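These are the residues of each chain, in order.
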Amino acid sequence: QKEVEQNSGPLSVPEGAIASLNCTYSDRVSQSFFWYRQYSGKSPELIMSIYSNGDKEDGRFTAQLNKASQYVSLLIRDSQPSDSATYLCAVSSLKTSYDKVIFGPGTSLSVIP
Amino acid sequence: KAGVTQTPRYLIKTRGQQVTLSCSPISGHRSVSWYQQTPGQGLQFLFEYFSETQRNKGNFPGRFSGRQFSNSRSEMNVSTLELGDSALYLCASSESRGRSYEQYFGPGTRLTVT
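Top to bottom, those sequences are chains A and B. All letters in the first sequence, in the order written, are residues 1 to 113 by this note's numbering. All letters in the second sequence, in the order written, are residues 1001 to 1114 by this note's numbering.
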């Protein structure tokens, strides 16, 4: 089992719809969870971080965390063509004495005008 | 604040050569991590430096090494380059404080080995 898994893409949604991106992780002691957006040919950009169970909203983005189910998701409301990118889930797990960040393989999102 | 900077942005090297990449973190960030990104393997962790000490290391051969200077700037070196080392090398900096491990990436160095 991989440490961080994401739903395989590509994911296509029409403009204006809600895009739902999912991520599961294997380490129960994971503490911090991040979503990064990466446009083709560019570096990853941090868009959301979440540390506690529940929802966290930032504009059109909502991150949802369920530690009991070891599941974190990202919802993008009113999806725009500019949201078309690869979304990377990252999980910070305590390894030895320091946090270690593990990235998932990413989900490619395409928003169709 | 200025973002993370990496130099050079593009590099073409020949198999067997060695290369040094540089990263300047966001001011005040003491943690610098290096990643290799390829289409087939995704984002793979190389190593992390904090206060001039390597505190985490990924599963890469000893040809990959790094260091961090007292001003938090970091370099990574790859010796005896192989064709498979062609990749985007990303540097990320973090305050590394408390539970938060928010990382901010530089633009990357695109390395091509011929």
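Hints are computed from structural coordinates only; laboratory data are not their basis. The model shown is predicted, which means the values in this text are computed figures rather than measured ones. Glycine included, every Cβ here is placed at the ideal spot set by N, Cα and C. There may be inaccurate statements among the hints.
[Unchecked claim] For each label pair, taking beta carbons as the anchor points, the in silico distance ranges come out as:
{"no.": "1", "chain 1": "A", "residue 1": "Ile-18", "chain 2": "B", "residue 2": "Thr-1020", "range": "42 to 48 Å"}
{"no.": "2", "chain 1": "A", "residue 1": "Asn-66", "chain 2": "B", "residue 2": "Gly-1028", "range": "32 to 38 Å"}
{"no.": "3", "chain 1": "B", "residue 1": "Ser-1070", "chain 2": "A", "residue 2": "Ser-12", "range": "45 to 51 Å"}
{"no.": "4", "chain 1": "A", "residue 1": "Glu-45", "chain 2": "B", "residue 2": "Lys-1057", "range": "23 to 29 Å"}
{"no.": "5", "chain 1": "A", "residue 1": "Ser-12", "chain 2": "B", "residue 2": "Gln-1041", "range": "20 to 26 Å"}
{"no.": "6", "chain 1": "B", "residue 1": "Lys-1001", "chain 2": "A", "residue 2": "Asp-78", "range": "28 to 34 Å"}
{"no.": "7", "chain 1": "B", "residue 1": "Gly-1028", "chain 2": "A", "residue 2": "Ala-68", "range": "34 to 40 Å"}
{"no.": "8", "chain 1": "A", "residue 1": "Pro-14", "chain 2": "B", "residue 2": "Gln-1018", "range": "19 to 25 Å"}
Q: Hint says 42 to 48 Å; check whether the CB-CB distance for Ile-18 of chain A and Thr-1020 of chain B agrees.
A: holds, 45 Å
**Q.** Whether the CB-CB distance between Glu-45 of chain A and Lys-1057 of chain B falls inside 23 to 29 Å
**A.** holds, 25 Å
**Q.** Whether the CB-CB distance between Ser-1070 of chain B and Ser-12 of chain A falls inside 45 to 51 Å
**A.** holds, 49 Å
Q) At the C-beta level, are Ser-12 of chain A and Gln-1041 of chain B separated by a distance inside 20 to 26 Å? A) holds, 25 Å
Q: Starting from the range 34 to 40 Å, see whether the pair Gly-1028 of chain B and Ala-68 of chain A falls in it by beta-carbon distance.
A: holds, 36 Å
(Q) Assuming the hint says 28 to 34 Å, is it satisfied by the Cβ distance from Lys-1001 of chain B to Asp-78 of chain A or not? (A) holds, 30 Å
Q) Do the Cβ positions of Pro-14 of chain A and Gln-1018 of chain B conform to the proposed distance bound of 19 to 25 Å? A) violated, 49 Å
Q.
A range of 32 to 38 Å was offered for this pair. Does it hold for the Cβ distance of Asn-66 of chain A and Gly-1028 of chain B?
A. Holds - the Cβ-Cβ distance for Asn-66 of chain A and Gly-1028 of chain B, about 33 Å, lies within 32 to 38 Å.
Hint violations for this structure: number 8 only, all remaining hints satisfied.
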